[in-house]
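Spelled out from the first residue to the last, the chains are:
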Amino acid sequence: MLRIENLHANVADKPILKGLSLAINAGEIHAIMGPNGAGKSTLSYVLGGRPGYEVTEGSVDFDGQDLLDMDPHERAAAGLFLGFQYPVEIPGVSNVQFLRESLNAQRKARGEEPLSGGDFLKVAREKAGLLKMDMDMLKRPVNVGFSGGEKKRNEMVQMGILDPKLAILDETDSGLDIDALRTVGDGINSIMRRPDKAVLLITHYQRLLDYVQPDFVHVLAAGRIVKSGGPELARELEAHGYAEVMA
Amino acid sequence: MSAASVPTRHEEAWRYSDMEALTRLWPLPAPESIVVPAGGDFKRAIIQDEGAIRQIDMSVGKGATASLHILNIGGAYGRIELNVTLHEGADFALGAAQIGGGEQNLEIVTTVTHAEPGATSRQVVRSVLGGTATGTYLGKVAVARDAQQTDSEQDVKAMLLDRSATANAKPELEIFADDVKCAHGCAIGELDAMALYYLQSRGLPPSEAKKLMLQAFVAGVFEGAEDAEALQALALAKLGELV
Chain A
1 MLRIENLHAN VADKPILKGL SLAINAGEIH AIMGPNGAGK STLSYVLGGR
51 PGYEVTEGSV DFDGQDLLDM DPHERAAAGL FLGFQYPVEI PGVSNVQFLR
101 ESLNAQRKAR GEEPLSGGDF LKVAREKAGL LKMDMDMLKR PVNVGFSGGE
151 KKRNEMVQMG ILDPKLAILD ETDSGLDIDA LRTVGDGINS IMRRPDKAVL
201 LITHYQRLLD YVQPDFVHVL AAGRIVKSGG PELARELEAH GYAEVMA
Chain B
1 MSAASVPTRH EEAWRYSDME ALTRLWPLPA PESIVVPAGG DFKRAIIQDE
51 GAIRQIDMSV GKGATASLHI LNIGGAYGRI ELNVTLHEGA DFALGAAQIG
101 GGEQNLEIVT TVTHAEPGAT SRQVVRSVLG GTATGTYLGK VAVARDAQQT
151 DSEQDVKAML LDRSATANAK PELEIFADDV KCAHGCAIGE LDAMALYYLQ
201 SRGLPPSEAK KLMLQAFVAG VFEGAEDAEA LQALALAKLG ELV
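Order-wise, the sequence lines are chains A and B.
For the first sequence, full-length UniProt numbering begins at 1 and goes up steadily by one.
For the second sequence, full-length UniProt numbering begins at 1 and goes up steadily by one.
Isolated chain A, as found in the complex (with noise of 0.2 angstroms):
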């Protein structure tokens, strides 16, 4: 589904990605670990095409598209779905508006037939209650006022409304209480964990893992995979330490 190759990138003329790679298939769910600064935030902007981040050498093939050539409203509407670190607070805007405005934008492109009002908010009152958010916090503006596990759990309904091929998630799980580390990973198990989705998780801590269980763990240091294995190896991570595992 995505194959990165030989990556490099920059952000303000500074190298931060230097030649990673990486293969996720359809139905597998893969983790990100790494030290601060090593590039996992770098990586999921590059994947999602924000701009100021500059891709210098390599390839990102998803589905058959080269993903480097769309504008970040096209890789939404091809199936890729970014997940904030940081939710972005958008004063006036409703959330319901937003995402009504955002799934029919992306119907449209795919040559689909916009969903109704009411169907949409079908949609939305399930995704809602799939993450126990409420349905007045889906109709103010989007993510104002919200504490962050809120904020976080907006990320997912709007995940479980867009209903992508391909999340990538960017700490999904730091500013989350347990309870709400279980309810997003909730989430995440029954919206992504399908024989034709992926999700790429990039998390510090292996708590997030405890309730999706990945496939596939890599370590992202200094811009590159330096090692990947299965869910054992976060957990020797958590237990030892990057530097020691690394070593």
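Worth flagging that the hints you see were computed from the coordinates, not collected in a lab.
Just so you know, even glycine gets a beta-carbon here, dropped at the ideal spot from N, CA and C.
Check each hint, because a few of them may be wrong.
Stated by the list, open to error - Which residues of chain B face chain A? A few of them, derived with a C-beta cut under 8 angstroms, are:
1) Q200
2) M213
3) A216
To be verified - Per label pair, the in silico range of CB-to-CB distance:
4) C186/B to N36/A: 35 to 43 angstroms
5) D119/A to A193/B: 26 to 34 angstroms
6) A193/B to A239/A: 51 to 59 angstroms
7) E50/B to S116/A: 32 to 40 angstroms
8) G40/B to S147/A: 40 to 48 angstroms
9) G92/A to R145/B: 33 to 41 angstroms
For chain A, the structure is supplied; the task is to place chain B on it using the hints.
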């Protein structure tokens, strides 16, 4: 305003005006006069969509309420000038949006005089400007010596879509009473790049993402207008042309 000769840029109220257009339109007809009687309740929406200079003198009587909503969007030069006098306990509200692109020059110039005690005024003005357009708000609040317990507010914001556009904002206070509350705030900015990226990452094309944010930016000004939805729709259509 009945001066015989065309004003010049040296006069503060015409400092940013389109002098060629003004000369062409000169002499201006007498300002429209609106008198809201004591205890009255007046509401009006003004849509300036063809390029014109509108001057309105308005007197709001004791205990009366007046609210004006303005959408200033059309023509090469569109100017709306309000001269409002508030009597005891009167309430005046202005909600205005001016949206311009190309080489448009749009202005809202207000003088709100609190002539007597206890009156309130609130002005909310939002400008969205693209291309090499200029948008100006000059707003003077004058509080007479006896006009104690005056409560006035000016809330002025402009959004520039291109670095070549210009916004002028000048809230001005002239206060001769000592027991008053006069707030004014003014900000000029650009659309937040991270917010735009966030919206696009969910599937909105750039123009739709901008439109959604701009719609939110101007939305509040038409609250309470008689035909708020029509104003909203017109504003949205004009925003659509700019993004």
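Each hint tested on the structure:
no. : hint                                 : result
1   : Q200                                 : 4 angstroms, holds
2   : M213                                 : 7 angstroms, holds
3   : A216                                 : 3 angstroms, holds
4   : C186/B to N36/A: 35 to 43 angstroms  : 40 angstroms, holds
5   : D119/A to A193/B: 26 to 34 angstroms : 33 angstroms, holds
6   : A193/B to A239/A: 51 to 59 angstroms : 41 angstroms, violated
7   : E50/B to S116/A: 32 to 40 angstroms  : 37 angstroms, holds
8   : G40/B to S147/A: 40 to 48 angstroms  : 47 angstroms, holds
9   : G92/A to R145/B: 33 to 41 angstroms  : 40 angstroms, holds
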